[in-house]
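A.B. asks: Throw the hints in and build the complete structure from the sequences for me.
Chain by chain, the residues:
There are 2 protein chains.
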Amino acid sequence: MTGQETPTACVLLIGNELLSGKTQDANLKFLATEMSKLGIRLEEARVIRDDSGAIVATVNECRARYTYVFTTGGIGPTHDDITAEAIAKAFDLELVLDPEAVARLKHAGKEVNEARLKMARVPEGALLIENPISAAPGFRVENVFALAGVPPIAHAMFASLEPLLRHGDTIHSRSIEVLLREGDFALELEEIARAHPEVEIGSYPFARDGRYGASLVVRGTDLATVESVLSKVEQTMAELAAARRS
Amino acid sequence: MTGQETPTACVLLIGNELLSGKTQDANLKFLATEMSKLGIRLEEARVIRDDSGAIVATVNECRARYTYVFTTGGIGPTHDDITAEAIAKAFDLELVLDPEAVARLKHAGKEVNEARLKMARVPEGALLIENPISAAPGFRVENVFALAGVPPIAHAMFASLEPLLRHGDTIHSRSIEVLLREGDFALELEEIARAHPEVEIGSYPFARDGRYGASLVVRGTDLATVESVLSKVEQTMAELAAARRS
Numbered sequence: 115m116t117g118q119e120t121p122t123a124c125v126l127l128i129g130n131e132l133l134s135g136k137t138q139d140a141n142l143k144f145l146a147t148e149m150s151k152l153g154i155r156l157e158e159a160r161v162i163r164d165d166s167g168a169i170v171a172t173v174n175e176c177r178a179r180y181t182y183v184f185t186t187g188g189i190g191p192t193h194d195d196i197t198a199e200a201i202a203k204a205f206d207l208e209l210v211l212d213p214e215a216v217a218r219l220k221h222a223g224k225e226v227n228e229a230r231l232k233m234a235r236v237p238e239g240a241l242l243i244e245n246p247i248s249a250a251p252g253f254r255v256e257n258v259f260a261l262a263g264v265p266p267i268a269h270a271m272f273a274s275l276e277p278l279l280r281h282g283d284t285i286h287s288r289s290i291e292v293l294l295r296e297g298d299f300a301l302e303l304e305e306i307a308r309a310h311p312e313v314e315i316g317s318y319p320f321a322r323d324g325r326y327g328a329s330l331v332v333r334g335t336d337l338a339t340v341e342s343v344l345s346k347v348e349q350t351m352a353e354l355a356a357a358r359r360s
Numbered sequence: 115m116t117g118q119e120t121p122t123a124c125v126l127l128i129g130n131e132l133l134s135g136k137t138q139d140a141n142l143k144f145l146a147t148e149m150s151k152l153g154i155r156l157e158e159a160r161v162i163r164d165d166s167g168a169i170v171a172t173v174n175e176c177r178a179r180y181t182y183v184f185t186t187g188g189i190g191p192t193h194d195d196i197t198a199e200a201i202a203k204a205f206d207l208e209l210v211l212d213p214e215a216v217a218r219l220k221h222a223g224k225e226v227n228e229a230r231l232k233m234a235r236v237p238e239g240a241l242l243i244e245n246p247i248s249a250a251p252g253f254r255v256e257n258v259f260a261l262a263g264v265p266p267i268a269h270a271m272f273a274s275l276e277p278l279l280r281h282g283d284t285i286h287s288r289s290i291e292v293l294l295r296e297g298d299f300a301l302e303l304e305e306i307a308r309a310h311p312e313v314e315i316g317s318y319p320f321a322r323d324g325r326y327g328a329s330l331v332v333r334g335t336d337l338a339t340v341e342s343v344l345s346k347v348e349q350t351m352a353e354l355a356a357a358r359r360s
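These protein sequence lines are chains S and F, in that order. If you're matching positions, the first sequence starts at 115 in the numbering used here and goes up one per residue. If you're matching positions, the second sequence starts at 115 in the numbering used here and goes up one per residue.
Certain hints may be false.
When chains are identical, the list treats them as one kind, so a pair holds in a single copy or across two.
Said to hold, decoys possible - Derived DSBU-like pairs: lysine-lysine, alpha-carbon spacing no greater than 30 Å straight-line: (1) K203 <-> K136; (2) K346 <-> K151; (3) K136 <-> K346; (4) K346 <-> K224; (5) K203 <-> K224; (6) K346 <-> K143; (7) K203 <-> K220; (8) K224 <-> K136.
Treat the hints as calculated values from the structure; they're not laboratory data.
C.D. replies: If you want it as structure tokens, here you go:
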């Protein structure tokens, strides 16, 4: 342990398309996986509309509650891209043209017309987040990081931030799949979970090719403990499966 | 219009696996699509942990704010399934064994052991939600509907609820894809959006096979208007594309 508390985070996925059923989100799983590696505890994610009031209220609630807030979406050039304006409003800052952002767009060979200049407007004093794919930057204000919505760009932006974030202890995860039904092992699994509060044990049922089973996951910051608890889970499940066959 | 206000909703996706990166959510897009058809305005979705405090606080906040709250996940038999208990707590109700839920498990040929009995415990007075796939029911307390997390079960449960929900005007959606960059049409699209506040116009950029484009979506409750605005968008984009080629 570093002596500091584990950093926490919230992801805000911004965009009407995620709430209309048009688009399948492809950012949360990636960001969640990366944060597990960095030891940042992702406490929640919210999917909200391209609505200034909703963005302002949610950003202000979450930035007070968590170490980090990452937003995705709404930083492009079209009329429904209102994230930068809303984050400026949340912090009571002006939205200003950032000369470095303009330079990056020009350097990428973009025709910097009025529409594209919108992508160079950020809350006053914001730090730019590099976009290695299409140049238009994300930005950071205090503990709020505004990333693009297009998945490869969002992922590249997050990767560029990793050295700047406070890390916690990496959360290790190991899992097995069993072809037993949860109702046939729940009590035994609970007993193991109670005996090992230092890890988190999850059970995720599935149906595949007409067979039912579950993925059993052990997570924790000490890899040896995670592996040892997983062994116990595995042995218990093998015994239960054998008992059912006999 | 029915004279009543459009019903609103919030989806709460409950489960640590969605915040650890282990699992890709496969419920939100489906539920969002169905709600668009029913004319229910999905205002937000939240992904939260299997944590009693988080579930209680979020359920109470959202049930006061929206017409409907739909939760997914955490109603199975294992120790990390705490949704029923937490929703009971949110409503200050006892968690009680529901005889009809027990009967449904037995009727499905399940060995009703102690673990499976947990799936028959619901907040006192809750109405059961049918599970045509694996029998263990969801439940409803006032405007909160607890669905399973396994996608085919969650989807079947939601379908069974549709006749019970207050419907609004169906939201029609039409879209085209253009191989133009957002920065090359943002101003013209904004002009159309301003002239037609009765519809919602969205632009969603993509990169595919090294080409950039955007999906342009028009949504609204009057299909003729949606189609007519989409025609305007299409014509404007065709003119812009022609101008760029010439």
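A.B. asks: Run every hint past the structure and note whether it holds.
C.D. replies: Hint check results:
1. K203 <-> K136: Within one copy only: 28 Å inside a chain, 35 Å across chains, cut-off 30 Å.
2. K346 <-> K151: within (24 Å within a copy, 48 Å between copies)
3. K136 <-> K346: Classified as between; 21 Å across copies, 43 Å inside a copy.
4. K346 <-> K224: between (58 Å within a copy, 27 Å between copies)
5. K203 <-> K224: Cα proximity of K203 and K224: one copy only (28 Å, versus 56 Å across).
6. K346 <-> K143: within (28 Å within a copy, 37 Å between copies)
7. K203 <-> K220: within (27 Å within a copy, 57 Å between copies)
8. K224 <-> K136: within (29 Å within a copy, 38 Å between copies)
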